[in-house]
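**Q** Listed here are the chains, written in short residue letters.
There are 2 protein chains.
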Amino acid sequence: MRSKKKPISGVPIHHTFEEENLESIQEEIKNRNLFVIYSFLEFSHPADIADVIETLELEDALFVFRLCDIERKRQIFMNLSDEMQGEFLENLEVNEVQELLKELESDEATYVLSDVDEEKTEEFLRGISHEDSVRIRTQLAYKENTAGRLMNVDFASVKVTDNARRGIISVRKAAKQTEDIYVIFVVDDENRLKGYVKLKDLLIATPETPITELMQPIKSIHYDTDQEEVAKFFKKYDMVSAPVVDENDIILGRITIDDVLHVLEEEATEDIYRMGGVSEEETINSSIWDSIRHRLVWLTINLFIANVTTSVVLLFEDVIQRFVVLASLMPIVAGMGGNTGTQAITVMVRNLATGELNKNNLFPTIRKELMIGLLNGLSLGIIAFTVTIFLKSDFYIAMVMALAMFVTLSVAGFMGALVPIVLKTIKVDPAIASSIFVTAFTDMFGFFCFLGLANYILGNFGK
Amino acid sequence: MRSKKKPISGVPIHHTFEEENLESIQEEIKNRNLFVIYSFLEFSHPADIADVIETLELEDALFVFRLCDIERKRQIFMNLSDEMQGEFLENLEVNEVQELLKELESDEATYVLSDVDEEKTEEFLRGISHEDSVRIRTQLAYKENTAGRLMNVDFASVKVTDNARRGIISVRKAAKQTEDIYVIFVVDDENRLKGYVKLKDLLIATPETPITELMQPIKSIHYDTDQEEVAKFFKKYDMVSAPVVDENDIILGRITIDDVLHVLEEEATEDIYRMGGVSEEETINSSIWDSIRHRLVWLTINLFIANVTTSVVLLFEDVIQRFVVLASLMPIVAGMGGNTGTQAITVMVRNLATGELNKNNLFPTIRKELMIGLLNGLSLGIIAFTVTIFLKSDFYIAMVMALAMFVTLSVAGFMGALVPIVLKTIKVDPAIASSIFVTAFTDMFGFFCFLGLANYILGNFGK
Numbered sequence: 069m070r071s072k073k074k075p076i077s078g079v080p081i082h083h084t085f086e087e088e089n090l091e092s093i094q095e096e097i098k099n100r101n102l103f104v105i106y107s108f109l110e111f112s113h114p115a116d117i118a119d120v121i122e123t124l125e126l127e128d129a130l131f132v133f134r135l136c137d138i139e140r141k142r143q144i145f146m147n148l149s150d151e152m153q154g155e156f157l158e159n160l161e162v163n164e165v166q167e168l169l170k171e172l173e174s175d176e177a178t179y180v181l182s183d184v185d186e187e188k189t190e191e192f193l194r195g196i197s198h199e200d201s202v203r204i205r206t207q208l209a210y211k212e213n214t215a216g217r218l219m220n221v222d223f224a225s226v227k228v229t230d231n232a233r234r235g236i237i238s239v240r241k242a243a244k245q246t247e248d249i250y251v252i253f254v255v256d257d258e259n260r261l262k263g264y265v266k267l268k269d270l271l272i273a274t275p276e277t278p279i280t281e282l283m284q285p286i287k288s289i290h291y292d293t294d295q296e297e298v299a300k301f302f303k304k305y306d307m308v309s310a311p312v313v314d315e316n317d318i319i320l321g322r323i324t325i326d327d328v329l330h331v332l333e334e335e336a337t338e339d340i341y342r343m344g345g346v347s348e349e350e351t352i353n354s355s356i357w358d359s360i361r362h363r364l365v366w367l368t369i370n371l372f373i374a375n376v377t378t379s380v381v382l383l384f385e386d387v388i389q390r391f392v393v394l395a396s397l398m399p400i401v402a403g404m405g406g407n408t409g410t411q412a413i414t415v416m417v418r419n420l421a422t423g424e425l426n427k428n429n430l431f432p433t434i435r436k437e438l439m440i441g442l443l444n445g446l447s448l449g450i451i452a453f454t455v456t457i458f459l460k461s462d463f464y465i466a467m468v469m470a471l472a473m474f475v476t477l478s479v480a481g482f483m484g485a486l487v488p489i490v491l492k493t494i495k496v497d498p499a500i501a502s503s504i505f506v507t508a509f510t511d512m513f514g515f516f517c518f519l520g521l522a523n524y525i526l527g528n529f530g531k
Numbered sequence: 069m070r071s072k073k074k075p076i077s078g079v080p081i082h083h084t085f086e087e088e089n090l091e092s093i094q095e096e097i098k099n100r101n102l103f104v105i106y107s108f109l110e111f112s113h114p115a116d117i118a119d120v121i122e123t124l125e126l127e128d129a130l131f132v133f134r135l136c137d138i139e140r141k142r143q144i145f146m147n148l149s150d151e152m153q154g155e156f157l158e159n160l161e162v163n164e165v166q167e168l169l170k171e172l173e174s175d176e177a178t179y180v181l182s183d184v185d186e187e188k189t190e191e192f193l194r195g196i197s198h199e200d201s202v203r204i205r206t207q208l209a210y211k212e213n214t215a216g217r218l219m220n221v222d223f224a225s226v227k228v229t230d231n232a233r234r235g236i237i238s239v240r241k242a243a244k245q246t247e248d249i250y251v252i253f254v255v256d257d258e259n260r261l262k263g264y265v266k267l268k269d270l271l272i273a274t275p276e277t278p279i280t281e282l283m284q285p286i287k288s289i290h291y292d293t294d295q296e297e298v299a300k301f302f303k304k305y306d307m308v309s310a311p312v313v314d315e316n317d318i319i320l321g322r323i324t325i326d327d328v329l330h331v332l333e334e335e336a337t338e339d340i341y342r343m344g345g346v347s348e349e350e351t352i353n354s355s356i357w358d359s360i361r362h363r364l365v366w367l368t369i370n371l372f373i374a375n376v377t378t379s380v381v382l383l384f385e386d387v388i389q390r391f392v393v394l395a396s397l398m399p400i401v402a403g404m405g406g407n408t409g410t411q412a413i414t415v416m417v418r419n420l421a422t423g424e425l426n427k428n429n430l431f432p433t434i435r436k437e438l439m440i441g442l443l444n445g446l447s448l449g450i451i452a453f454t455v456t457i458f459l460k461s462d463f464y465i466a467m468v469m470a471l472a473m474f475v476t477l478s479v480a481g482f483m484g485a486l487v488p489i490v491l492k493t494i495k496v497d498p499a500i501a502s503s504i505f506v507t508a509f510t511d512m513f514g515f516f517c518f519l520g521l522a523n524y525i526l527g528n529f530g531k
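Chains as they are written, first to last, in the working numbering: chain A, 69 to 531; chain B, 69 to 531.
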């Protein structure tokens, strides 16, 4: 039905929903002011409606949701956060969920059901057509975060033996099933991928032009490919829609760039969170308890490591007792080592994630980081010497500071470059573990180096 | 010309370029083995060719580049890194650059020229048609990193008074200029945006259907919108192609989702780099000197701040001299405060960047972070007490540790949540400055709190 896609006739541009209106619309929803609610639903974009629903109590949220027609429901539902989707699945009637599932595209249904337990999934799938439920079950069998899960099994294709006229007929038929008919895959009789045709080229070709003449080469993605690799693939080859195939090049579905947009953001968030010591499972909507549980683990690990690393300090009890000023300077050296290490980790982890860093430039990059560490160590050694002379007026202490800074920073830069690569090689996520290792090392090394030098220099030359 | 788009006939699938072959192809290029080079160029994807060129000496790189036809040159050039593009612009003949510029789409040309100085730009533009150069100059006048720079000025549009048949004629015409004809903008006689039509709906409609019946509402982007906001817009409204307009809704161009993919990655890298104390201008291809220069600034700022914060330690010289064990414990408290602060900063900065955190959930989120800080402080206080009792067998020192840990972590969590928001409000990038402020604060506060408590408790009860 066409009308489904055009909920409001005569209103070409959506009203932009202003954040300032949020409170008043929340109020009207609470009061069940149907006139205002309907006009809000009619004139707003589904993504804006979802944003408002997200702020409501569950009861109000379901009330608003149930006022919409099924196409609107689909759009709103797919714009809700994972947490809210979960709440809806738990609190809607089974037949409401089934109605919704029928409406979702295959990748959407798979995504939504991936967090639902098996029993519940069976219950939901019982109510929908055998064909649809088989498709969803098949797709749920692919591993999470792989191309098989991301793909949509509806796509436009033409036979390699067709001509442009027959091609357009196939595409018109496909257009009723799927949104994306702009990249049309070319297959042989066994459904093996042969290439692709742009809809654009089909349109401007004469009807008798053979498909082989319009066909262009295409890269494909294996269904077992990790979604991070899928994102790299799209970025590198500048694709809008890519075919997913099995070992025999038989086409199973296609992934479109808008799915990749979400993957890319998810992966970036994951890396940022992990580097900051936060679990990637935490979202802004997580409960306090989930957040605490995840963060506490990481903090506790750090606490134990800190106890080990700082125990180095006690090896030098005597010299600290004689020169208490060392106690105030030693955290500076260790801290600056940590900062230098973090800089190197940041560059390495990010470029490993984006694929900018690979076998071809690995060694030059490590060498470069080593040089940066050495030269930054040298510069900061000199600066630290000057600052310490100025603040403490003690040549030997300033020398200790300068030397410790130089050595610690050089080593920290090198470790910061090396550790992420070693972790990646032994298949540990560098984003999550690099900083723990490097900070433990720079702390211990920084304390040892600074206090060791102090012990030697001040012991021999100090007053 | 059709043939341009189909460089190799009869070879539907690109050979996948294997990284293991890199050395041998580098060798063959060095030896100018034309047979191998041509077959490499013919059977490889432009993105793979660009990757290989990236690893070559400039002379070899230019040699390979010059063997390609102009369409291939365009594809390869747009896949090169910014640094390599810059090298090419400097070392190609002026007429070669002009030939290339003629071939680029408007957004590509604008992107490429944005790093070239004015004089050089004038020289390049002199050789291309007046119409094209005016368009590029106009687009270069938009601010960097805005929608105006990102957009492509070629797009498909139909008049609001047309019908489907006339619509298809317009689209066929547009298809010769631009790749993206799948979202067709509907405009009035003054070129004011009225809505959009999907190519798909045009294709399945009967020829006499008025455009107004196929038209759907559309959201638009003002040309001055920052690219980060553009990315949020695409994510939120799930668009593939969006119109860019001026104040009067007159359409200037369109942005497609593949451009947004690059923006999204760029912005994520920027945030990750800034949080790690690395300038967003640094890339894996930056020279050592650029990297040192950028990182040294940040390290030097940190060194001065560290000198200020750790001077707190000297206020407690006496108690440290009496209990040297404090010198080994105080970095633990300050460090754990830093870790807790970083966790809160990470969540806040990332969610501010993605737009998940906004006015609607600001206060609940700060309150939540405060609670997390308090409860994590409590838990780690207890753990720290246990560990310290076990390691040092001193009840009073363990009490000092537990109390200092509790207070410092609670405050650190709160500061980590608050500072990014304050910075954002006063228009300072929270990714770059949050950690400097919060770490300075948690260090100073951690030292002061721990040593102050030690001074009081051990002074009164210690042995």
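Quick caveat, the hints were computed from the structure, so don't treat them as lab data. Some hints could be false.
Straight line, CA to CA, 20 angstroms or less: simulated DMTMM-like cross-link-like pairs of lysine to aspartate or glutamate [to be verified]:
#1 K303/B x D292/A
#2 K303/B x E338/A
#3 K266/B x E338/A
#4 K211/B x E296/B
#5 K492/B x D256/B
#6 K287/A x D294/B
#7 K492/A x D326/A
#8 K266/B x D294/B
#9 K266/B x E348/A
**Q** Are the Cα atoms of K492/A and D326/A separated by 20 angstroms or less?
**A** 28 angstroms, violated
**Q** For K287/A and D294/B, compute the direct alpha-carbon distance and say whether it is at most 20 angstroms.
**A** Not OK: K287/A and D294/B at ~33 angstroms, beyond 20 angstroms, violated.
**Q** Decide if the proposed pair is consistent with the structure: K266/B and E338/A, CA atoms, cutoff 20 angstroms inclusive.
**A** 35 angstroms, violated
**Q** Is K303/B within 20 angstroms of E338/A, Cα to Cα?
**A** Since the Cα atoms of K303/B and E338/A sit roughly 17 angstroms apart, the hinted pair holds (cutoff 20 angstroms).
**Q** If you draw a straight line from the CA of K492/B to the CA of D256/B, is it 20 angstroms or shorter?
**A** 40 angstroms, violated
**Q** Are the Cα positions of K266/B and E348/A separated by 20 angstroms at most?
**A** Answer violated: K266/B to E348/A is near 37 angstroms, above 20 angstroms.
**Q** Between K211/B and E296/B, does the CA-CA distance stay at or below 20 angstroms?
**A** This hinted pair holds, its Cα atoms lying about 14 angstroms apart.
**Q** Starting from K266/B, check that the Cα of D294/B is at most 20 angstroms away, please.
**A** Distance of about 27 angstroms is beyond 20 angstroms: violated.
**Q** Hinted pair, alpha-carbon criterion (20 angstroms max): K303/B, D292/A. Please report holds or violated.
**A** 26 angstroms, violated
Hint compliance for this structure: hints 1, 3, 5, 6, 7, 8, 9 are not met, and every other hint is.
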